[in-house]
Amino acid sequence: MKLLRELLFPLIAVIAAFIVGGILILLVGDNPIVAYRLLLGSALSWPDGIGYTLFHATPLIFTGLAVLVGFRCGLFNIGAEGQLYVAAFATAWVGITFANLSPWLLVPMCCLAAIFVGAFWAAIPGVLKARFGSHEVINTIMLNFIAIALVSYFTQYHYKVPGDPILQTAPIGYGAHIARLGKFIPGLPQRIPLNLAFLLALLSCLLVYLFLWRTKWGYEIRATGSNPSAAEYGGISIRKQIVLAMAVSGALAGMVGINDVMGYHYRYYDGFSDQYGFTGIAVALLGRNHPVGVILAALLFAVLQHGGIYVDGFSEHVTKDIVQVLQGIIILFVAAEAFFRHVSNRLGLKQSAKV
Amino acid sequence: MKDILTFALVMSTIRLATPLILAALGGMFSERSGVINIALEGKMLAGAFTAAAVTYAADEKLHLGNASPWVGLLAAILAGLFIAAIYAVTCIHYKADQVVSGAAINILMLGIPGFLSGAFFLSSGSTPQLPKEHLIPLTPIVIAFAMVFVSWYVLYRTPFGLRLRSVGEKPEAADAAGVSVNQIRYAGVLIAGVLAGIGGAYLSIGQSSLFTRNMTAGRGFIALAALIFGKWRPIQTMLACLLFGFTEAISIQMQGAVKLPSGEDIPVQFIQMVPYVLTIIVLAGFIGSSRPPKALGIPYQKEK
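As given, the protein sequences belong to chains L and V, one line each in that order.
Everything in the first sequence is counted per my numbering, starting at 1 for the first residue and increasing by one.
Everything in the second sequence is counted per my numbering, starting at 1 for the first residue and increasing by one.
In case anyone wonders, no lab produced these hints; they're calculated from the structure.
Take the hints with a grain of salt, since some may be wrong.
[Unchecked claim] Straight-line C-alpha distance at most 25 Å; calculated DMTMM-like pairs for lysine to aspartate or glutamate:
hint, chain 1, residue 1, chain 2, residue 2
1, V, LYS95, L, GLU337
2, L, LYS160, V, GLU169
3, V, LYS294, L, GLU6
4, V, LYS95, L, GLU6
5, V, LYS61, L, GLU316
6, V, LYS302, L, GLU6
7, V, LYS61, L, GLU337
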């Protein structure tokens with residue numbers, strides 16, 4: 001029964017968003033059913049649809065988890081976007097600088113670079129909040145822009161192959177590549193960039209669950225998030241929890257770098273993130289701040305992202321922008337939960353709507 | 001030669017500061033009433049797209065000629081109001097988390113212009129080019145700077161301003177004194193929509209002659225930064241916007257890198273970072289203290 005209630009609101013929000021989106025599609029003169037079939041149906045084909053959907057889901061699981069850990073501590077990490085950029089650049093830097101090392105050394109080194117640099121970048125607003133009380137929302141927004149400018153500078157001035165018209169670094173060493181899943185799964189061609197990072201993402205979900213609900217540190221983070229003054233009264237140092245939660249959050253966001261640099265582009269590619277950090281907010285909210293919910297929500301948004309390409313190609317008026325429109329409406333509906341409570345109360349659904 | 005360069009730089013600073021001033025002042029009304037406004041970016045995008053699209057339609061379809069940019073500007077104001085109304089209803093009436101709804105509006109507004117221009121102009125996110133004589137390059141600048149003083153007067157010299165400030169600082173007290181907290185907050189958020197809408201319109205039908213995908217490029221967030229840097233006060237906020245406009249003007253003027261007298265280059269990326277770094281520093285209290293309104297971000301629950 002509890003599970004049902006947990007699933008009900010996100011489901012209503014998604015359906016409502018699709019209805020609003022459908023009305024918009026009708027208004028611009030297209031058939032919503034055709035558009036939605038393109039949007040959702042293309043993800044089910046094997047191997048391309050499923051392969052690409054899981055590939056798109058990978059970064060969203062990481063950023064969704066990142067936002068989740070922040071939320072559980074009462075913090076809003078809007079900075080996953082910046083964290084994943086600096087982390088991805090650091091991953092590439094290690095992969096370029098130590099290009100000749102054996103994979104047994106280089107792969108863990110690159111992964112650790114992604115995790116620690118992401119954690120470091122997120123710890124900055126954590127420390128600023130703990131030490132000076134400045135709002136993490138503002139600081140993470142500001143640090144996003146700083147991160148993007150910083151890595152673009154390093155790429156352009158120091159790590160680009162001279163003469164390359166594209167803003168990207170030199171390739172990383174082969175020792176830093178991680179295998180694409182096509183290597184292990186028959187029928188899945190290796191051109192599909194779904195790679196080991198996807199399994200790492202699933203593992204991270206489990207680890208985040210164990211960390212938050214089965215360790216003392218996780219308990220303290222959640223206690224701080226649900227009632228800071230009670231937590232402090234109980235002897236928990238709120239300041240420490242804020243920094244810790246931000247660092248863990250940033251480490252998770254940083255792992256997007258593993259997926260993109262070590263498993264897809266094999267270099268740092270400027271502007272590679274398709275708003276992953278911001279979509280992570282939607283993923284965490286829709287997933288009701290639970291790791292399992294995050295996987296489901298990431299899959300939904302990955303389906304939309306993959307389908308967007310088909311909508312662009314095959315429908316007359318609707319463009320892939322519909323994906324972002326749907327995403328925005330979904331978050332708005334999830335945020336305004338009270339709205340649905342109001343509506344369902346009116347409809348006499350009091351029991352089932354009590355969340 | 002050197003003088004002309006400086007004059008050009010000043011003019012460019014003023015032009016680049018204009019959309020920031022409009023959006024930041026809008027944000028000030030909203031935040032002073034206690035509602036966080038990270039949705040400025042989305043409201044500016046709404047204004048920018050609507051202005052360009054409606055001006056084009058008024059010109060091509062309705063043959064309004066020179067009146068078309070004014071119709072466009074009016075439409076941009078209505079678009080800003082509309083988005084602000086959605087934001088206000090979710091945050092004030094339904095007491096949704098303000099940061100979450102703001103983020104939602106921003107994501108939504110990244111999509112909507114592309115969606116509509118794909119449908120109406122069969123383009124990938126931009127509107128058709130407008131003729132030069134159907135632009136309004138000057139009026140928004142005048143509005144922006146006039147609004148600085150109007151805002152100052154409204155905020156500090158009118159009963160509405162007093163109520164707005166008290167609602168943002170201590171809503172319970174304002175409520176006890178008979179002020180409707182939610183009504184004042186609606187007003188604050190809607191004013192933000194109007195001003196951010198004009199700011200966006202200036203980008204598409206003032207500074208340039210069409211809307212392009214993600215045209216604001218983070219200006220809504222720079223405006224937010226300026227508001228914090230200006231300590232939520234109109235005059236200081238204007239100065240912050242001028243400073244941030246100046247950093248942008250320099251990085252455009254110098255095309256890539258600024259030469260130091262010693263002959264070394266400062267890469268443009270470092271100049272772009274200035275507003276953001278300054279904001280973090282000032283928010284941490286290193287340069288004077290920047291204290292947000294006390295009730296910022298907290299939905300008001302009337303005591304029963």
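For each hint, the structure was consulted:
1. With a CA separation close to 9 Å, the supplied pair LYS95 of chain V and GLU337 of chain L stays within the 25 Å bound.
2. At roughly 51 Å between alpha-carbon atoms, LYS160 of chain L and GLU169 of chain V are farther apart than 25 Å, so this suggested pair is violated.
3. Under the criterion of a C-alpha separation no larger than 25 Å, the hint pairing LYS294 of chain V with GLU6 of chain L is inconsistent with the structure, at around 34 Å.
4. The hinted pair formed by LYS95 of chain V and GLU6 of chain L meets the criterion: a straight-line CA distance of about 20 Å does not exceed 25 Å.
5. The suggested pairing of LYS61 of chain V with GLU316 of chain L holds, with an alpha-carbon distance near 22 Å, which does not exceed 25 Å.
6. A C-alpha spacing of about 29 Å is found between LYS302 of chain V and GLU6 of chain L, which places the hinted pair above 25 Å, so the restraint is violated.
7. Of the pairs offered as hints, the one joining LYS61 of chain V and GLU337 of chain L is violated, with about 42 Å between alpha carbons and a cut-off of 25 Å exceeded.
Hints 2, 3, 6, 7 from the earlier list are contradicted by this structure; the remaining hints agree with it.
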